[in-house]
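Q: Residue numbers (the working numbering), protein chains in the order written: chain A, 1 to 141; chain B, 1001 to 1141.
No lab work stands behind these hints: they were computed from the structure. One or more of the hints may lead you astray.
In silico DSBU-like pairs for lysine-lysine, Cα to Cα no more than 30 Å straight-line [unchecked claim]:
id	chain 1	residue 1	chain 2	residue 2
1	B	K1051	A	K42
2	B	K1012	A	K42
3	B	K1042	A	K51
4	A	K17	B	K1051
5	A	K51	B	K1012
6	B	K1042	A	K17
7	A	K17	A	K42
8	B	K1051	A	K51
9	B	K1105	A	K105
10	B	K1017	A	K51
11	B	K1012	B	K1051
12	A	K12	B	K1042
13	A	K12	B	K1051
14	A	K42	B	K1042
15	A	K51	A	K12
16	B	K1017	A	K42
Examples of chain A residues lying across from chain B (beta carbon under 7 Å, computed) [what the hints assert, rightly or not]:
id	residue
17	M56
18	A64
19	V80
20	Y81
21	G82
22	Q93
23	L97
24	A104
25	L108
Restraint ranges, calculated between C-beta atoms of paired labels, are given here [unchecked claim]:
id	chain 1	residue 1	chain 2	residue 2	range
26	B	A1106	A	D32	40 to 48 Å
27	A	Q98	B	A1059	30 to 38 Å
28	A	R16	B	V1094	37 to 45 Å
29	A	Q116	B	A1059	52 to 60 Å
30	B	Q1092	A	A59	20 to 28 Å
31	A	D20	B	K1012	40 to 48 Å
32	B	K1051	A	K12	18 to 26 Å
33	A	D20	B	G1099	45 to 53 Å
34	B	N1006	A	K42	31 to 39 Å
35	B	R1015	A	S30	39 to 47 Å
36	B	A1035	A	S50	21 to 29 Å
37	B	A1106	A	S50	46 to 54 Å
None of these values were measured; they are calculated from a predicted model. Using N, Cα and C, we set each Cβ at its ideal position, and we do this for glycine too.
There are 2 protein chains.
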Amino acid sequence: MAASGNPCGACKFLRRKCTDDCIFAPHFCSQDSSACFAAIHKVFGASNVSKLLQNMPFADRSEAVVTVAYEAQARLRDPVYGCVAQIFALQQQVAILQGQVMQAKALLARSMVTQQTFGQPYHGFADHPSILGYTDTTQQT
Amino acid sequence: MAASGNPCGACKFLRRKCTDDCIFAPHFCSQDSSACFAAIHKVFGASNVSKLLQNMPFADRSEAVVTVAYEAQARLRDPVYGCVAQIFALQQQVAILQGQVMQAKALLARSMVTQQTFGQPYHGFADHPSILGYTDTTQQT
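The following block holds chain A by itself, in its conformation from the complex (with noise of 0.2 Å):
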C-alpha cells in the first residue's frame, strides 16, 4: 500500500486490492507510475517482474525496478531491437571514437618527432600521458 493510503500504481493497473505487503508499491507510489507499470506488464509481465524482485535483496529493487522499466519502453518503442538497438549505436560510437583517439596518437606521435628533429623541446605530452598511452621520457631527469 502507498504512504498515502490509496493502492500503488501497479495495484491500481491491475485493479487488486494493494495490500501492506504488495511487492510493487515501494517503487510505484507517483502518480504516473501506472503508465510505467502498464508497460512493463505489457513486455514481461507483472508475475515474472514480482518474482524477480521477490529474488532480490530489498536495497536492489528500486534500481531493478528502473532497469525493467526502461528496457519495457525500449521494447514498446522498437518491438524489433528494444534497447538492443542502443548497445548496436554506442558500440558503433565506441569503435568511430577508438578509430578517432588512434589517429590522434599516430599524429601526436609524428608531431612529437618533427618537433625534436627541429630541436624544440616539447612539453605539452608530459602533461597528457594518457593520449598516447605512455610518459613523456624526455620531462625525465
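Guided by the hints, dock chain B onto chain A, whose structure is given.
A: What follows is chain B alone, placed relative to chain A:
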C-alpha cells in the same frame, strides 16, 4: 513444427504439441534452442513474446527473437541491471573516449601553433581534418 518433424525448441520446453503454424518454430529449430527459450520464458513469458512476434512482419521476427534472447540472458546473469548494465558501461566508455578525442584535439591544435611559430610548414592535419573538426586551411592555395 520444425523442418525435422520434431517439435520446435519452444514447444519442447513448454511440453506442448508443435503445430504447423507455431509462431516459435521458425526461430527455435536448433538443438540448443530449448535452453534459449527457457531464458526468454522465464524473463518475458512465452505468451508475451508470442504476442510481440504476432504484431510484427515475419521478416522482422528472427531479429526480434535474437534481441529478446539477448535481453533475457542478460537479465538472468544480472537480475538488477540486465543489459542496461552494458548500456551504462558503453556510455561511460563513450564519455572517456570523447574526453580523449577533445584532449588530443587541443594538443594537436597547440602543436600546430608551435610549428607555425617556428616557421615549419606542417602538412599532417590536412589528411585528417576529422580529428581537428576542420580542414587545415594552410594547405589551400
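Q: For every hint, state whether the structure bears it out.
A: Structure-based check of all given hints:
Of the supplied pair hints, the one linking K1051 of chain B and K42 of chain A holds, its CA atoms being roughly 10 Å apart against a limit of 30 Å. Distance check on the hinted pair: K1012 of chain B and K42 of chain A sit about 25 Å apart at the alpha-carbon level, within 30 Å; holds. At most 30 Å may separate the alpha-carbon atoms for a hinted pair to count; K1042 of chain B and K51 of chain A meet this at roughly 10 Å. Restraint check for K17 of chain A and K1051 of chain B: the C-alpha separation of about 27 Å stays at or below 30 Å, so the hint holds.
With a CA separation close to 24 Å, the supplied pair K51 of chain A and K1012 of chain B stays within the 30 Å bound. A hinted pair counts as satisfied when its Cα atoms are at most 30 Å apart, and K1042 of chain B with K17 of chain A qualifies at roughly 26 Å. For the given pair, K17 of chain A sits about 20 Å from K42 of chain A by alpha-carbon distance, which is consistent with the 30 Å threshold. The suggested pairing of K1051 of chain B with K51 of chain A holds, with an alpha-carbon distance near 21 Å, which does not exceed 30 Å.
Between K1105 of chain B and K105 of chain A the CA atoms are separated by roughly 10 Å; this keeps the pair inside 30 Å, and the hint holds. The straight-line distance between the Cα atoms of K1017 of chain B and K51 of chain A is roughly 27 Å, inside the 30 Å bound, and the hint therefore holds. A hinted pair counts as satisfied when its Cα atoms are at most 30 Å apart, and K1012 of chain B with K1051 of chain B qualifies at roughly 19 Å. Simply put, K12 of chain A and K1042 of chain B have alpha-carbon atoms about 25 Å apart, close enough for the 30 Å limit, and the pair holds.
Simply put, K12 of chain A and K1051 of chain B have alpha-carbon atoms about 24 Å apart, close enough for the 30 Å limit, and the pair holds. Of the supplied pair hints, the one linking K42 of chain A and K1042 of chain B holds, its CA atoms being roughly 15 Å apart against a limit of 30 Å. Distance hint between K51 of chain A and K12 of chain A is fulfilled; the C-alpha atoms sit about 19 Å from each other, no more than 30 Å. With a CA separation close to 26 Å, the supplied pair K1017 of chain B and K42 of chain A stays within the 30 Å bound.
This hint holds: M56 of chain A has a C-beta 6 Å from the nearest C-beta of chain B, less than the 7 Å allowed. The interface hint given for A64 of chain A is met, as the beta carbon of that residue sits about 5 Å from the closest beta carbon of chain B, less than 7 Å. For V80 of chain A, the suggested interface contact is upheld, since its CB lies about 5 Å from the closest CB of chain B, less than 7 Å. A hinted interface residue such as Y81 of chain A counts as satisfied when its beta carbon comes closer than 7 Å to some beta carbon of chain B; here the least separation is about 5 Å, so the hint holds.
Look at G82 of chain A: its Cβ gets to within about 6 Å of chain B, closer than 7 Å, so that hint holds up. Hint status for Q93 of chain A: holds, given a least beta-carbon distance of 5 Å to chain B, under 7 Å. The beta carbon of L97 of chain A is positioned within 7 Å of a beta carbon in chain B (closest approach about 4 Å), and the interface hint is therefore held. Checking A104 of chain A against chain B: minimum C-beta separation of about 3 Å stays under 7 Å; hint holds.
Against a cut-off of 7 Å between C-beta atoms, the interface hint on L108 of chain A holds, since the closest Cβ of chain B lies about 6 Å away. For the hinted restraint 40 to 48 Å between A1106 of chain B and D32 of chain A, the CB-CB distance of approximately 43 Å keeps it satisfied. Between Q98 of chain A and A1059 of chain B the Cβ separation comes to about 33 Å, which falls inside the hinted range of 30 to 38 Å. For the pair R16 of chain A and V1094 of chain B, the supplied restraint of 37 to 45 Å holds, since their beta-carbon distance comes to about 42 Å.
In this structure, Q116 of chain A and A1059 of chain B meet the distance hint of 52 to 60 Å, their C-beta atoms being roughly 59 Å apart. Taking the beta carbon of each, Q1092 of chain B and A59 of chain A are about 23 Å apart, inside 20 to 28 Å as hinted. At about 42 Å, the beta-carbon gap between D20 of chain A and K1012 of chain B stays in the expected band of 40 to 48 Å. In this structure, K1051 of chain B and K12 of chain A meet the distance hint of 18 to 26 Å, their C-beta atoms being roughly 23 Å apart.
Distance hint check for D20 of chain A and G1099 of chain B: the Cβ-Cβ separation is about 49 Å, which falls inside the suggested range of 45 to 53 Å. Against the hinted window of 31 to 39 Å, the Cβ-Cβ separation of N1006 of chain B and K42 of chain A comes to about 32 Å, which satisfies the hint. A hinted range of 39 to 47 Å holds for the C-beta pair R1015 of chain B and S30 of chain A, which are about 41 Å apart. At about 24 Å, the CB distance of A1035 of chain B to S50 of chain A agrees with the hint of 21 to 29 Å.
Between A1106 of chain B and S50 of chain A the Cβ separation comes to about 52 Å, which falls inside the hinted range of 46 to 54 Å.
Of the numbered hints listed earlier, not one is contradicted by the structure.
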